[in-house]
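> So you can see what is in the structure, the chains are spelled out below.
Protein chains: 2
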Amino acid sequence: MERYCVIMAGGIGSRFWPLSKDNMPKQFLDILGTGKSFIRATFERFLPLVPASNFIVVTNAAYKHLVLEHLPELTDDQVLCEPMRRNTAPCIAYATWHILARCPEASIAVTPADHLVTNECEFQRVIVNGLDFVETNRNALMTIGIRPSRPETGYGYIEVDRESADIIPVKNFKEKPDLETAKRFVADGRYFWNSGIFLWSSDAIMGAFRTYLPDMAALFDQGKADFGTPREQEFISTHFERCENISIDYGVMERSQSRFTVCADFGWSDIGTWGSLYTHAAHDETGNAVSGHAVTVDTTGSVINIEPGCQAIVQGLDNCLVALRDGSLLVCRLADEQQIKHWVERL
Amino acid sequence: MERYCVIMAGGIGSRFWPLSKDNMPKQFLDILGTGKSFIRATFERFLPLVPASNFIVVTNAAYKHLVLEHLPELTDDQVLCEPMRRNTAPCIAYATWHILARCPEASIAVTPADHLVTNECEFQRVIVNGLDFVETNRNALMTIGIRPSRPETGYGYIEVDRESADIIPVKNFKEKPDLETAKRFVADGRYFWNSGIFLWSSDAIMGAFRTYLPDMAALFDQGKADFGTPREQEFISTHFERCENISIDYGVMERSQSRFTVCADFGWSDIGTWGSLYTHAAHDETGNAVSGHAVTVDTTGSVINIEPGCQAIVQGLDNCLVALRDGSLLVCRLADEQQIKHWVERL
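Chains as they are written, first to last, in this note's numbering: chain A, 1 to 347; chain B, 1001 to 1347.
Since the hints were made in silico from the structure, they are not lab data. Check before you lean on any hint, since a few could be wrong.
As the list claims (entries may be wrong) - Below 20 Å or equal to it, Euclidean Cα-Cα: the simulated SDA-like pairs (lysine to any residue) are: (1) B:K1171 to B:R1255; (2) A:K224 to A:E241; (3) A:K341 to B:C1310; (4) B:K1341 to A:E241; (5) A:K36 to A:L66; (6) B:K1341 to A:Q311; (7) A:K21 to B:C1310; (8) B:K1021 to A:G309; (9) B:K1341 to A:D298; (10) A:K21 to B:G1327; (11) B:K1341 to A:G316.
In isolation and in its complexed conformation, chain A is listed as follows:
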């Protein structure tokens, strides 16, 4: 079996306004100042496991040039363009049918483009073990669980029957919990964060689509003769919009009887919020995460993100966010950052 990696890179990351905008979403940014964009780091993290020619990036047509710029190792036909956003199930179906046109028997890792992993060695060990597992257990759908380090209410949780370092069956998926529930989950030891990283064989995911999302499977089957040919994009342009807007979690994982997980611990974060960026970025002596040319005075626990070439003085703020990019400024309390999207709409 050949190993493939599908990078889902169609998001617009509106929660990181003004750094991420429609024309420059989060996956193409180096928000943490590591020297690499998220998508580049994701690619390099999988590159020891998957040959460059077996990466498939699914994104929006508007971002195709950015993908190829950040991942110059890829060829044009490795970047699949969704005509519109339709959540993760159609995205993964598209990539799966595309891969099957090239390779009848593949094992596939599916990953978001914009997450952080700090322990890449451990990451690779976990993924290799997982790929070995799904290559042996040809109907297994596997999702990588993350050992929770805090009662995070922003993540979904995976429940298992018993604490274990092995790959074991999933008992349940749990929606984002309230704080009390999250605390219970963390204390219990049988609940992991759902990382959104999936491993499976092409047989397993194809079978799951046919069983749990038969309309979507039928839709992509119509294009079977077109996938992997110059007609693929035309087929997608015509038919993709008819896909149900549904996540792979709701559409497949929660319905499957053959799902597995492993409790991993490789320094993962989805960096889905400025607060999580604060957690993962370096702090100065007053507890601020400062990026760019800024003087802070009487300011603590804040994220200051100033674009190169600009400068800032920030005084008198606690647990706030100050971000300046391309003439767009955001000043807000970190605790209220869930509202950013709404404020941007008002603007």
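Got chain A; can you put chain B on it based on the hints?
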């Protein structure tokens, strides 16, 4: 006697960083969004009283082009350039000696370039009365007092003997008071804010320089043959730096025996601080003074000043200042704005 107006426009307005900077000081800005820069508004305020050809602007050489841009009615020789900043006494001496070379008997109004007046009719009435007074009382040095509307600790005060609507002698000048003293001054009725606007005849101010700042008078007398000729700038370049760095208030007004004031009420502010700008700018329904394209959320009593073409979301601030100009951002508590200068130095 011919009437002259001297506009002192050499300040750098560092308290309004990042709006005002060395290369664009406050007098050339339209901070309040009136459609006119402060210097333009100052000029237009005096124009019904003084012919355009009798305005003299004293500034720094670096700002000469800005003065002529904002006041295209002036000719090159009406803009006097100080080689360095030397406070108001040398500035006024320079303008006085320059005017005397053109006109042996003048009445002169001296004004800062960057103050706000909202009732121009009343202003003109007060100034005309004052000019009439100093043209009749040829040794009078007059300073315009402002009826205090609040116990401002940032201004100097003028004390008189009795409440009066007339032009009356000054009893004392009072330094910036503490809050308790300022409250007493406001309640008393015999204390006015010192506006920094002066009226006098050329005889009176010349005599006062000779009496109270004889070294400075002697220095300018050396250049008598040069003033009003092409050699004037050369003389100033060589000699100006030897002037004592002293204000007209300390150097002349506090020492004079012939000083007068009037309690005026024409909506004056020196707009010396962001706080005073807040006082004078229009407020939205949540008490914020917003200029530029900005959305405010859970924000009250704040000044938001966003440069044209930029945009901002400001949330969770009370009594703060957010100013963005030319890639320079300031976020601070309004109460601490006296420190801006120091923060800019740190930056």
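> Indicate, hint by hint, whether the structure satisfies it.
Going down the list of hints, with the structure as the test:
{"no.": "1", "hint": "B:K1171 to B:R1255", "in the structure": "holds, 11 Å"}
{"no.": "2", "hint": "A:K224 to A:E241", "in the structure": "holds, 17 Å"}
{"no.": "3", "hint": "A:K341 to B:C1310", "in the structure": "holds, 18 Å"}
{"no.": "4", "hint": "B:K1341 to A:E241", "in the structure": "violated, 57 Å"}
{"no.": "5", "hint": "A:K36 to A:L66", "in the structure": "holds, 13 Å"}
{"no.": "6", "hint": "B:K1341 to A:Q311", "in the structure": "holds, 15 Å"}
{"no.": "7", "hint": "A:K21 to B:C1310", "in the structure": "holds, 14 Å"}
{"no.": "8", "hint": "B:K1021 to A:G309", "in the structure": "holds, 17 Å"}
{"no.": "9", "hint": "B:K1341 to A:D298", "in the structure": "holds, 16 Å"}
{"no.": "10", "hint": "A:K21 to B:G1327", "in the structure": "holds, 19 Å"}
{"no.": "11", "hint": "B:K1341 to A:G316", "in the structure": "holds, 16 Å"}
In terms of the numbered hints stated before, the structure departs from hint 4 and from no other.
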